[in-house]
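Q: Sequence:
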Amino acid sequence: MRVHHLNCGTMRPAGGKLLDDRPGFLRRSTMICHCLLIETNDGLVLVDTGVGLDDIRNPRGSLTREFLIAANPVLDERETAAQQVRNLGYRIEDVRHILPTHLDQDHAGGFRDFPNAKVHVYKEELDVARAQATAKDRARFRMAQFEHADFESYDLSGEDWFGFESVRGLKGLPDEILLVPLRGHTKGHAGIAVDTGEKWLLHCGDSYFFHGEMDPVNPHCPPLLVQFQKIVETEREPRLHNQQRLRELVRDHGDRVEVFSAHDPAELARYR
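FYI, the UniProt record's numbering numbers position 190 of the sequence shown as 190, with every residue one higher than the one before it.
Since the hints were derived computationally from the structure, they do not count as laboratory data.
Heads up, a few of these hints could be off.
Unchecked claim - Cut-off 27 Å, straight-line C-alpha distance, at most; resulting in silico cross-link-like pairs (BS3-like, lysine-lysine):
(1) K199 - K136
(2) K123 - K171
(3) K123 - K187
(4) K17 - K199
(5) K187 - K118
(6) K136 - K171
(7) K136 - K187
(8) K123 - K230
(9) K136 - K123
(10) K230 - K171
(11) K199 - K230
(12) K187 - K171
Stated by the list, open to error - The calculated label-pair distances, taken between Cβ atoms and stated as ranges, are:
(13) D127 - R27: 24 to 34 Å
(14) P115 - K230: 33 to 43 Å
(15) R12 - R272: 29 to 39 Å
(16) V250 - E176: 40 to 50 Å
(17) G61 - D150: 17 to 27 Å
(18) D127 - V250: 27 to 37 Å
(19) S166 - R251: 35 to 45 Å
(20) N41 - Q83: 17 to 27 Å
(21) T134 - E198: 18 to 28 Å
(22) G172 - E235: 25 to 35 Å
(23) R28 - A269: 37 to 47 Å
(24) L68 - D160: 35 to 45 Å
For each residue, glycine too, the CB sits at the ideal point set by N, CA and C.
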């Protein structure tokens, strides 16, 4: 399967080096929405969708005020998954499936741009997002983005995969694409594993945010990003446990599995 690595939403939060570890403290930092477009024999599959067209055309009706201020998204239609799919010569209708790592607003923004696609998530993620039970949930899960989506939801079950339990295939998708439970950032957070034939790619979503966190010997992360992860986490112990398991995966199986997160531009640069 051919895999395209896309940036579907540049964000420019304040923080500089304290957030992205590049020189300069007083500048805006850079984060991205690292998405995948997978070519299969039965259409296209998107892993995460980043910021969508409706988010850009009506940001205050789709995104929260807090996100617009804190993340400072660029809001460029050329970065949307929909526009990049067209630029690659495909039709919107060719996207048959969407695999979000979770339903936060910077991951689910493009659902509306692909109305014919089936969206695959863990049931717990979908239930929490729909319930809108807390102010934090209402701030992160935007009903406008996903209320009309065609969901296929899954319980936690499956087989072992490189030391991860309950890893499963998905309905209507090839065996080379797997759903990997990575609870912590949200209750139903998932990784998406893709077998390219040469090695596995594991899109870890927001299980971690900075490439240095995956250093098996000296894991490190800019201080503001450490604090941000604590603020937005749902469950700390599972999040930290899964980060450690991902480091062990890199250490023990790095020749067979490549991991990357959703927002680190340095990781996206590996594939450009």
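Q: Hint by hint, which ones does the structure fall short of?
A: Those not satisfied are hints 1, 4, 6, 10, 11, 13, 15, 16, 19, 21, 23.
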